[in-house]
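*Asks:* Heads up: the sequence lines are chains A and B, in that order.
Counting with our numbering, you get residues 9 to 89 for the letters of the first sequence.
Counting with our numbering, you get residues 6 to 127 for the letters of the second sequence.
It is worth saying that the hints were derived from the structure and are not from the lab.
These numbers come from a predicted model, not from an experiment.
No residue lacks a Cβ here, since even glycine has one placed at the ideal position from N, Cα and C.
Wrong hints could be hidden among the right ones.
What the hints assert, rightly or not - Calculated lysine-lysine pairs in the DSSO-like style (CA-CA distance at most 30 Å, straight line):
(1) B/Lys100 to B/Lys72
(2) B/Lys100 to A/Lys47
(3) B/Lys105 to A/Lys47
(4) B/Lys33 to B/Lys62
Claimed, not checked - A few chain B residues that don't get close to chain A, going by computed Cβ distances all over 12 Å:
(5) Lys72
(6) Lys104
(7) Ser107
(8) Glu108
(9) Asp109
(10) Arg110
(11) Lys112
(12) Asn113
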Amino acid sequence: MEGAGFRKELVGKLLRLHFQDSGTRVSGDALQLMAELLKIFVTEAAVRGARQAQAEDVALVGVDQLEKVLPQLVGGHGGCR
Amino acid sequence: MRLKAAVHYTVGCLCEEVASDKEIQFSKQTIAAISEMTFRQCENFAKDLEMFARHAKRSTVNTEDVKLLARRSNSLLKYITEKNEEIAQLNLERKAKKKKKSEDRNKNSRESAEDGEVDNEN
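Only chain A is shown next, with the shape it has when bound in the complex:
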C-alpha cells in the first residue's frame, strides 16, 4: 500500500476503545480493511476541502472551507464519487 495510512495496530486500539463488550475482537483482515476505510475518509475530507478552497479561489484550506463540506461527508448520504 503506497503512501501514508493508518497502521493496523492503531486501528485496532481505536476500535477496541469503543466496544461495549470486552470480548469483541477484530480479525486481521478486517483491521486492514478498516485502515483503508479510514484512509478514504480522511482523504475525501481533505480533497473536498481542497476543492472548496479552489472554488473560492483561496490558497489555504481553512475551517471555513471544511465546514462547508463536512456535513455531506459525515451525514447519512454517503457521497463518495
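Starting from the known structure of chain A, fit chain B onto it as the hints suggest.
*Replies:* Just chain B now, with coordinates in the frame of chain A:
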C-alpha cells in the same frame, strides 16, 4: 491521549499528500478538525461493527462487517470490496510463502536432527 496524537499524525500525512497533489495548503486547524472528526467517527464505526458481528452471533468482527459499514455509498462499497479481495489475495500469497519456508525448514531440521540436535514435541 496518545491515540489521538497518532491519529493526528496520520491525518497530517494524508493531508500532506493531498496538499502536494492539489498544490494547495491546509491550515493547522483544518488538519486538527479532520483528525478530531475521524477520531469521533471511529466510535460510530466501532459500535456498528460490534453490533453487526453480534447480530451474526460472532464475537470477532470480520470483513463482512466492514463491508456492511461501507454500504452507504456504492462507489465506496465497490472500492472496499476490491480492497478486501486484494488483501485476501496478498495474505494467501504470504501464507503460501510461509508454508513453503517452514517446509524447507522442517526438511533441514530433519536432516540436522540426525546430528543429535534438540527435537520439538510438535
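*Asks:* Now tell me if each hint is right for this structure.
*Replies:* Outcome of the hint check:
A threshold of 30 Å between alpha carbons decides the hint, and for B/Lys100 with B/Lys72 the separation of about 24 Å falls inside it, so the pair holds. Using a Cα cut-off of 30 Å, the hinted pair B/Lys100 and A/Lys47 holds, with the two alpha carbons roughly 26 Å apart. With a C-alpha separation of about 33 Å, the suggested pair B/Lys105 and A/Lys47 falls outside the 30 Å cut-off, and the hint is violated. Annotation: proposed proximity of B/Lys33 to B/Lys62 is violated, straight-line Cα distance about 43 Å (limit 30 Å).
Taking the minimum C-beta to C-beta distance to chain A, about 8 Å, the non-interface status of B/Lys72 is violated against the 12 Å cut. Separation of B/Lys104 from chain A is adequate, the least Cβ-Cβ distance of about 17 Å exceeding the 12 Å criterion. With a least beta-carbon separation of about 19 Å from chain A, B/Ser107 lies farther than 12 Å from that chain, consistent with its non-interface assignment. Chain A leaves B/Glu108 outside its interface by the beta-carbon criterion, the shortest separation being 23 Å against a cut-off of 12 Å.
The Cβ of B/Asp109 sits about 25 Å from the closest Cβ of chain A, beyond the 12 Å cut-off, so the non-interface label holds. At roughly 23 Å from the closest C-beta of chain A, the C-beta of B/Arg110 stays outside 12 Å, upholding its exclusion from the interface. In this structure B/Lys112 is separated from chain A by more than 12 Å, as the shortest Cβ-Cβ distance comes to about 28 Å. Residue placement check: B/Asn113 keeps its beta carbon more than 12 Å from all beta carbons of chain A (closest about 29 Å).
Of the numbered hints listed earlier, those contradicted by the structure are 3, 4, 5.
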